[in-house]
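K.L.:
As a plain string of letters, each chain reads:
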Amino acid sequence: MIENRPVHSRNTRRLSMLAAGAATVMACVATGAVPQAFAADKPEAAPTVASLTTCDTKDVKTIKVGILAPFSGGGMAADANDIGNAAMMAADELNAAGGICGKDARYKVTFEKGDTEGQRSDAVITAVRRLTADPDLHMIFAPYASTTNFEITLMAKAGMPYIISGGAEATKGIISKNPDGFPTVWSRVPDYGGYSTDLPPLINKNIEAGNLAVPAKTVYIIGSDDPYGTTIADGLKDSFTKAGWSVVGTETVPFQSVTDWRTQLAKIRELKPGMIVLTEWSPASDATFFNQFIEQPTDSLLFEQYAPVIPEFNEMTHNKANGVIFNMLGGAIDSRADTKDISKRFAEKFGAGGYFSVAGYTNMMVYALCINKGVDPADHLAMGKCIGSLDVDTPSGRLAFDPKTHLAMQGDDYMPTVFYQVVDNGGKAIVSPPAYAEQTFKQPYWMTTKPAAK
Amino acid sequence: MRLQVEAISAGYGRVRVLHEISIAVDNQRVGLFGPNGHGKTTLLRTISGLIRPTAGRVIFDGKDITGRSPQSIVGEGLVHVPQGSTLLPRMTVLEALTLGAYSRRAWPRRRSTMEQVFSLFPRLAERRAQRCNTLSGGERQMAAIGAGLMGCPKLLMLDEPTLGLAPKLRAELAQAIHAIAATGVGLLVIDQDIDMLLGLCDRLYLIEQGRVALDVVDRSAIQHQDVLKRYFGSAA
Amino acid sequence: MGAIIVSGLVSGALYALVAAGLSLIWGSLGVFNFAHGVLLMTGAYAAWWISSPDGLGLGLGIGIVGALAFMVVLGLVVYLLLVRPWIGKANAELAVIMTTIAGSIFLQNLILEIFGGRYKTIDQVVTGTVAIGGTTIQAQNLLVIILAPVLLIAMWLFLTRNRTGLAIRAVAQNQDAAQLFGIGVERIYIATFSVSAVLAGVAGILLGGLFNISPDMGTDPLLRAFVVVVFGGLGSLPGTILGAYAIGMIEAFSSYYIGIYWTPVVLFVVLIGVLVVRPTGLMGRPT
Amino acid sequence: MKKDWTRIGRIASIVVVLAVAAVAPLVLTGGVAQNLAVLSILYAVVASNWDLTLGYAGIFNFAHVAFFGIGSYVAAIATLQFGVPVWLDLILAVVVVVAVGGLVSALALRLRGIYVALVTFALTQLCVALINSAKDITGGPVGLIGVPDLEIRGFELGSEPHAYFYAAEVLLILSTIAMRWLATSHFGLSLVALRDYEAYAVARGIPARRQRVLAIMASSIPTSLAGCLYAHYLIVASPDVFSFSLTTLLLSMVLVGGAGTIYGPIVAAIVLTVGTEGLHQLGNIRYMIVAVLIVLTLRFLPGGLWSLWTLVPAIRRRRATRVPSPLAEEASS
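Protein chains in written order, with the numbering used here: chain E, 264 to 717; chain L, 46 to 281; chain Y, 15 to 301; chain B, 1107 to 1439.
This is chain E alone, in the form it adopts within the complex (with noise of 0.2 Å):
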């Protein structure tokens, strides 16, 4: 396997940008992942029920998968329950199938939680202790466990295979110290470098085809004080400065705290910027900024990160967000098939799930791959090398990781930045990468500026 993995370097990188064509060069210009080299060697392709429980083997054998999350906490347990709930119906579909075809086995998939209490340090050092005391255990999914993400060298230090799908920044932030430290580690979610750098470039050049009109290339951001909330709010203002545009104003606010943003919509009333940006990503917070601003709005692009993928999103801005524009990486790119029908199961199953929910079905596939490939998921060692060693097709789109950081790789070839816009009757629709498109952007219903006719 080691040798069908692609050679990373900055050579391939250049000439692959230069195959690729305008919008992957924006899109990749800046990133701060390494994307491979493509094309060449397709990915594999997605794994199914079907693929990885057809054998002969009759011997079955019982393994625990761990979930690590939050299910105490509040506003977080719909994620907890989301990744949680998501991969126990793969393990279900695969259990129900025979179970997972491995080496010389069956292997049936049971779970064990480990709650992390609202992410209190304590709280997680002891469901880590406890999930990687258990002998059966060989692997552990979470949405996010901690604030921090410490607990990935209690994993490393464990020899847990650990699949995290939250937290890059912090994650990289440990792991590029010393990345052959954390051979179980893998990070489903590829770099945010994407989230700080492709917005701009693509309301440009959507302006130039007359998609969008601004009354002027002004923009306001507003960041929480988070790593993800602040990395993407510096990033988007030197990108959008890079892109023409000019910051007129700028605030952070503590995450997860806001309940009133008037004070703030009044600062921006004032300056009528062309575009605001709010990188505060939490649901309520974001949810409760639309209603305000939408009450007396200015003529200005609205682009708010996260939130808007949330189910309840729309209920909690009385379905008037259409126009909203929003994106994702490593999210389920919504006009895949596979994402389609797993969300529609799981939405039978368990209500809509979040950007959670097709994740921890992939998280479960990608796991039993690998027990397909032969690996004994009790060898936690060869699990994590069998991972991060994968390049696979799934609904997030291709999954390979980054050897320095342990992050899945970034790009629209990879990982791509999905945009959305939020659309009539509570919907999303995929204005971004070309290749996933299901529309173009539309100008917001609230605006007073209109794109010339085109």
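All the given hints hold, so there is nothing to weed out.
Part of the chain E face toward chain B, derived, beta carbon under 7 Å:
id, residue
1, 335
2, 383
3, 385
4, 389
5, 392
6, 393
7, 396
8, 410
9, 411
10, 413
11, 488
12, 489
13, 490
14, 517
15, 518
Cβ pair distances, simulated, as ranges:
id, chain 1, residue 1, chain 2, residue 2, range
16, L, 106, Y, 140, 57 to 65 Å
17, B, 1213, Y, 175, 35 to 43 Å
18, B, 1388, E, 422, 23 to 31 Å
To be clear, the hints were calculated from the coordinates, so they are not data collected in a lab. Note that beta-carbon positions come from the ideal geometry of N, C-alpha and C, so glycine has one too.
Since the structure of chain E is provided, determine the placement of chains L, Y and B on it from the hints.
P.N.:
Same frame as chain E, now just chains L, Y and B:
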């Protein structure tokens, strides 16, 4: 017989204050006197249900009210105006009087009763919108007694109504209490002012160490001086 | 400027509703109800469950009435199970802090267990937007701005005119005297808790319409009400209401002129300053 | 004769405690058990120290958990941001926390009763607000990660499974001896006198505010050390140490264990930490169970778990001379 207290024992926690004390209040005005801390107030609190007696019985209007809740005892028409006249410091006189008629028996009649109270204590009518804690000592005492009257009592128990008042006010208040007695309301009064008690009551009990030390049924039979001597002598 | 004042008014109104209930209970029972925030949350869930098509689907009107009726019962239950056994005992204050915290842990997890962690929304009582003071707001905000003072005035009238209301105040001021007036203290305590729970429920329903519903939605309002009652003075209703609007305004002005980021710090510095100068709050009395 | 027996009993119990302390880390070798042991022992230190101010002195000091949190932050900031050598950060933490404790209590104790609770609680909130705002030093809401291991001559405590267990035990034993000594000393009795008969105690010349401030400062010393160990053990300092949920947990340890006993909160710390973890399979329901148990304990065992001892008649007799728990007091009368 309106009120019959039969061999009541009561106290606070493990401290026993009343020792099988018995008193009777017939259709008359009865006074309690004696040194401080010997159980007069505790006796009233026990009768009105604030303290549950450990032994003995309280009979009022032919009903055994021993151990019943204060509100049901008030409902029977036995009203206790406690010592320390700032009843409800942050309420207006009007509010305090209105609350005096809280019991179901008195509530429907509260307007007419209040007229009577105001005619008895015209000062209260003037001060009706004032908060109780801004009243003078005498006015507070009037408000407290007035609130007690609002409960339409058959028997009114007053705990030291003249405590700390100047002689002139004391006389004024004593007059009012006489007027109340004249309307046929029974009275059970604690006071340090022996002169007032002697002028008001038909019967006096001297309470010492939780017991009845002296029962003065016939006022003429006892010398004023004797009472005073006994009273101050034991207090010293 | 208009926007800042409106923002301060909306927050102030909501804080006043929440804090008034807290202050009322402190005033008459001398205990601090840490379950107040969870009562607010439970009220919002009750209204959502009765009204939403995902629940009983009976519509908002029945939802509100049903939820408030439920709050009366819940107030009674909280009182009987978590407060009454400790009243009059030594250290009741501390014990009740703990029992009401325990009660809130219980209710919060119960709600999480029944309804899950996903955000929910209650329909707004009024929809649309209105323009006031040079700023446009959702009509529900205006409802909050108007309804809170109306409810608080109604409460004030209840406490000064109504027989039970007067009795609540009497019990708060002098329990012995109240009993001697024939007031059943027990019944008054229950009434106090129910009134307080209903106020929390109203706040929950309004908050749920303005923002959203989640099992931890009560935490923030409780902490804020905390600041308000300390600021305004415990047990004093006018002080509490004044405190609520003052805190709302301070927050609004500070977040505009100093920034949202430093507003919590500003708030606490002001609070601690007030307490150092006036240890019993702006209008409170010594305990 | 009788006194001798008491003395022998005391010596015996000390020997038993020391033996258990020495052997426990060797017996409880699993990662789960060791982790629970370290956490519960550190919580025991915090809860039993809180008991000195809450139980003995009757001060509604809700800033106690903040002392723990500040201790952990001082350790993290000193070692990570300023490169202070490990161990030195412990001393620094004690100095900082005692200073903060003195300042806070001198300020808060101008007030009385519930206001003390509210203002000390507000100060805890202020800590969170300051940590969130001073992101460059404190790491903001996500905290600081990578607090270095404590080491003795190059031996890292984290590399040896028992090491933190022993370290925590040593802290608990020393802290408990100190707290018991304080509580039964002249100083401790003056605190109890102030709690129960303030006017009388003041009239007898006990300086109320000074004694209380001193009590809070004394109780903050082991607490800050526990915070330090906590940061070194977890390798992180994050604002959740100031959270309401941790305050609740520790408060329930004090009250369920038995306020005014020192030993009770230690027992409760272990019971509650191990118990909640033991029930982990019940998910959220376990918190509901713990909540019910807290209420039931306060209702039917107002003296806390420690008062179960007093059901043994011999101990009850001896206990009569001890300082009663403030919660037990009323129940017995």
